[in-house]
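A.B. asks: Residue numbers (my numbering), protein chains in the order written: chain P, 754 to 1111; chain X, 754 to 1111.
I should point out that these hints are in silico values taken from the structure, not numbers from a laboratory. Just so you know, not all the hints are guaranteed correct.
No copy is singled out in the list; a pair is fine if it fits within one copy or between any two copies.
The calculated lysine-lysine pairs, modelled on DSBU-like cross-linking and capped at a C-alpha distance of 35 angstroms, are [said to hold, decoys possible]:
{"id": "1", "residue 1": "Lys1098", "residue 2": "Lys958"}
{"id": "2", "residue 1": "Lys845", "residue 2": "Lys958"}
{"id": "3", "residue 1": "Lys1037", "residue 2": "Lys810"}
{"id": "4", "residue 1": "Lys1037", "residue 2": "Lys1090"}
{"id": "5", "residue 1": "Lys845", "residue 2": "Lys1098"}
Protein chains: 2
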Amino acid sequence: MTLLLTNDDAESLLSMPEVIDELAIAYSDLAQNQAINRNRSDTAIPRPEIDASYVFKSMEGGYPRRGVYALRISSDIIQWPGKGEGQQRKEKLPTLPGNRWLGLVLLFSIDNGELLAIIPDGIIQRFRVGATNGLGIKMMARQNARRIGLIGAGFQAGTQALAACAVRPIDDIRVYSPTQAKREEFAREWSEKLGVPVTPVDSAKDAVTEADIILCATNSMQPVIQADWLQPGMHLSSLKRFELPVECLRRADRVAVHTRLWEPDMLMMGENTLPDDALWAERKASDGIDWLNQPEIGQLTSGQVIGRNNEQEITCFMNNVGLGLQFAAAGALILDKARRAGLGKELPLEWFTQTVVS
Amino acid sequence: MTLLLTNDDAESLLSMPEVIDELAIAYSDLAQNQAINRNRSDTAIPRPEIDASYVFKSMEGGYPRRGVYALRISSDIIQWPGKGEGQQRKEKLPTLPGNRWLGLVLLFSIDNGELLAIIPDGIIQRFRVGATNGLGIKMMARQNARRIGLIGAGFQAGTQALAACAVRPIDDIRVYSPTQAKREEFAREWSEKLGVPVTPVDSAKDAVTEADIILCATNSMQPVIQADWLQPGMHLSSLKRFELPVECLRRADRVAVHTRLWEPDMLMMGENTLPDDALWAERKASDGIDWLNQPEIGQLTSGQVIGRNNEQEITCFMNNVGLGLQFAAAGALILDKARRAGLGKELPLEWFTQTVVS
């Protein structure tokens, strides 16, 4: 039997503290060779007639502790507006009927191979990104960190704040995003959701000054903060590889990354690289940072490497590239809770199995 | 709308000549950078308690000519019985309720990202393997080849013979497999299906002597024929990388392969390699053949390389590793025909899409 779940199911079942705890276990397992991850691949086919690309993304991870293997896929038409104007962004177009997108997590049993669940990836995606940066904060920020400077008011910003609040005694959040109405709306919505005052401010610098934790949660392909805004003891948290200027990384006493699998397997039909990968290759070649030797989050959660040595250090966590394993861990959590709550629609085993061996 | 199809649907819709023609186009497109393929990955998790491994296999391919992108996955518990006894085989266990397996093709639209179809992979798998070797025969065997020596009477052997009959005037097939009852049953069944006499014989050598085309269609991890059985003008066709001894390959005047992507991306939790990959690495290191420089089938179908120069040459085609693109091409064919025939079950768009961007 395959359980078909919705984003609403996922949202009603997941709690940030639980996802953080589950991911900590999964990352530690991975660091100890008790879990496995298949690097993300992005395969792109140009769609020049609409100045876009079709991109199929897939990633996988096995989490034996919970008996599951996850495949996460997305099938998108992507544009990069603002190219050449210094404000390049990456936009997935809602091309499906009803302005919808396609992103799915398929969860398999490593006991008998069964397709256990089909879950849209939108909510899990936010939780796993938030929870991963939350773990970065848990392992690296000062214990008494209480003030957040948040850059970004989009869909990731809220879960980033939620995750921070789950691991530190946060009592003050200042949010900046370029559009005034958007940051004000975000502040109203999330003050209530978090039970912590969220104040919109007029500049990134205003958000960041006096913060204990800087949370960057944008889809920007340009830096969103400046190195001379940093103060001793701060923790920097980022979820896009371009958000932090290289000067910030050089100034940090410690930098950890989500994974050393920095490079998704990129395949392009026709062109050579997608715009963001071209940018990243350029940046990496020039920044002088040994990206393949920064500790991974699993080395922190498993105690192999410490995240902070004293109150004065500037620490930095880059949630650089996602892992299939995150979807196995969060998926296992959802499936377990959905079964207990009787949620979801059961689809016949026969639909996704066969009597013919292949 | 996503169309859910069955193996019966696939079998009723596919014809070998059509699959051969469609694959010829797809391979030519790939050779001309008008299609794309994501290399197969096999991710394995040891299941020592049952002397097996959980293996998740995935491969992808995009076929813009038909507007589709295919993901083919399998989720299997695999054993390698006979290990250490010189008779090693690879067996996928039917661990799902009702002795079933899980292998699926998901077909996506590169126009809007939609999941167009879900199709079990068992029938497509046989057609695409048969059709690929059939193309090898079409491009490399003598025009007047009429006699087949077939080694193997398992599930691939029949489609191999079917494909050969689609491209050459075959009028005599001799089949050998170790179990007498099995080869006799195969001969009865396929004489009727092919309309060509199929005769069971007592040894591989008897099957092969005087054949114009040798078809190896086993799951053996040891050679199944010998080089001194070869005669001028023969075409050798193989679908497992271990079936042909290296002496056969050295004796062949021309060798072509399905793909130069010889190495699936192998990931193992715990151990280093799966038994068949370990064997292949050993073989490759010692056989003195420049495997990365043999022509691919798409170079033959697109006319970049010739398959045979005269009647005396011994030619050889190794269907070494599968491509996701095969599933895109065969999948597009099935989908198109299923729509016209009104076959399949329509599943709601909402099940596999979302209003949340990820």
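A.B. asks: Decide, hint by hint, whether the structure agrees.
C.D. replies: A quick look at each hint next to the structure:
With identical chains, the CA atoms of Lys1098 and Lys958 are never at most 35 angstroms apart, being 48 angstroms at best within one copy and 56 angstroms at best between copies. In the homo-oligomer, the alpha carbons of Lys845 and Lys958 lie at most 35 angstroms apart inside one protomer (29 angstroms), although the nearest pairing across protomers, at 59 angstroms, exceeds that limit. In this assembly of identical chains, Lys1037 and Lys810 lie within 35 angstroms of each other by CA distance both inside one copy and across copies; the values are 22 angstroms within and 32 angstroms between. Neither within a single protomer nor between protomers do Lys1037 and Lys1090 lie at most 35 angstroms apart by alpha-carbon distance, with minima of 42 angstroms and 48 angstroms respectively.
Taking the shortest alpha-carbon separations for Lys845 and Lys1098, both the intra-copy value of 28 angstroms and the inter-copy value of 29 angstroms come in at or below 35 angstroms.
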